[in-house]
Amino acid sequence: MYLTPEEEKILKGERGATYQKAIEILAALGDIYDADRLIPIKSAQIAGVSYKTIGEAGLEWISDLKGKVAVPSILNPAGMDRGCWKEMGISRDFAAKQEKIILAYEALGVKAECSCTPYAIFDNLAGSGDHVAWSESSAISYANSVIGARTNREGGPGALSAALIGKTPNYGFHLDENRQPDVLVTVESKLHDSDYGALGYIVGAMVGDKVPFFKLRSIPSKDELKSLGAAMAASGAVALYHVSGATPEAGKYEMPVENITIEDWQIKEIYSKEKPDLIAFGCPHASVDELENLARLLNGKRVKKEVWVCTSRSIKDKYPLLIKRIERSGAKVFCDTCMVVSPASERFKCMMVNSGKAHKYVPNLCGSKSIMATTEDCIAEAVSD
Amino acid sequence: MIKLCAHIVSRGCAEGEALVTSQPLSFLGSVDPQTGIVIEKDHELAGKSIKDKVLVFPGGKGSTVGSYVIYQLKKNGAAPSAIINIKAEPIVAVGAIISDIPLVDRVENDPLRTIKTGDKVLVDAIVGCVEIYER
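Chains as they are written, first to last, in this note's numbering: chain G, 11 to 395; chain C, 13 to 147.
Honestly, I wouldn't trust all of these hints.
[Unchecked claim] Derived contacts from chain G toward chain C, CB cut-off under 10 Å, selection only:
# : residue
1 : Tyr43
2 : Asp46
3 : His141
4 : Ser145
Bear in mind the hints are in silico, worked out from the structure with no lab data behind them. The C-beta atom is built at its ideal place from N, Cα and C for all residues, glycine as well.
Chain G extracted, bound-state conformation (with noise of 0.2 Å):
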């Protein structure tokens, strides 16, 4: 891969151990995936936060590291509520470890938001057409889809190295003719709000990690792509989809030959029912509108089980009524984390979802049981008794 002479400068060290570090690996991705240069970004998204996941030494090695950042990057996902850890069943020790992670983020200069969502939260990190390097998958797929920005799938220190230098090496999905749909996907019932995790979830497993293209009978918002995208990267590893009429690059590209169809029925098995000891929603992060349905479904109603919702701390604190209203039933709302980064829910045996993300990633990863239901059965299921 082609440096410039100034890259060439940071990679002999003149600027320090940690920007020779990061371009290194920037070099080394290049390589791999037999990029021609590096390319300017407009912002980052860095996964690598949970110390549930990267543990002591991840923590270690962002400590050691020395320099800021190039652009606007944000955090993904931490492991407990930072502001209410204890609630959620979280030791002082594993807080602890947790702050420290994401100090030594923001000595970088990372907001230290961490949110699966960060399009929610900023909306000038990413728009039609930009590069960016975004390293959480549901947030990856959004990116490349529903706003019809650039960005491979980063793991988090290729995210973190291109914050760092402000590039990322040009191949994958940042060139046109890596985003071509590579697969039809027919899809013949009507669908509505968790249909298309559920979906998601199906095609996810089938297609791998080519690039869907869906005709459907529906037209899906954003919240109702946010769920088909996340569902495909965790049960496939999707990165960029297109939807017939509904996202912006579907119309650019020829059709492809390789078809499927998805039949009602075959939506329908995701769906069981079972009690769950805990009630999860928020997978990804909950957008206001998603909010305000779960606020009007719980309005005047109880919960009497475990029930969590999960969103970003920025769209908790710019909404606090909407928030009471939630927490009026008994429900919780935790930011800055969710049910399947925190060890908080190892303690339970079974939880339900509405998310097809969710339901793929809860039995290895938090070790209990995965139910999947609409929002509405879920609802049902955290009242009643």
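Based on the hints, put chain C in the right spot on chain G.
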């Protein structure tokens, strides 16, 4: 001694006894970060230690957190001294770079055939070559 050209992924120079496997390796959940012992039951290297070895394997697989596991191995003194891959992929490449472990790939002769477990091997990821001394 056999000397072979290779492509540099992570700079540095180190030697050690070769440990060779034809199976990909995931560091998260497959290698104990405290001891460097391979704990993935069905792996060819199960029960063997990668500590101070020149680890020869096709490439990484699995979670990207594997990069941090390599860093943890290094901090615990349980990391391989050098790595040779058929074709490096991001997890192991990034892990090796942040941990200062020399890593080369694209060796001119298939390293899985040329290098045998127990051979003494020097990985020079400054010049871009591998030197193999039979045991």
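How the hints compare with the structure:
{"no.": "1", "hint": "Tyr43", "in the structure": "holds, 8 Å"}
{"no.": "2", "hint": "Asp46", "in the structure": "violated, 17 Å"}
{"no.": "3", "hint": "His141", "in the structure": "violated, 18 Å"}
{"no.": "4", "hint": "Ser145", "in the structure": "holds, 8 Å"}
Checked against the numbered hints given earlier, this structure breaks hints 2 and 3; the rest are met.
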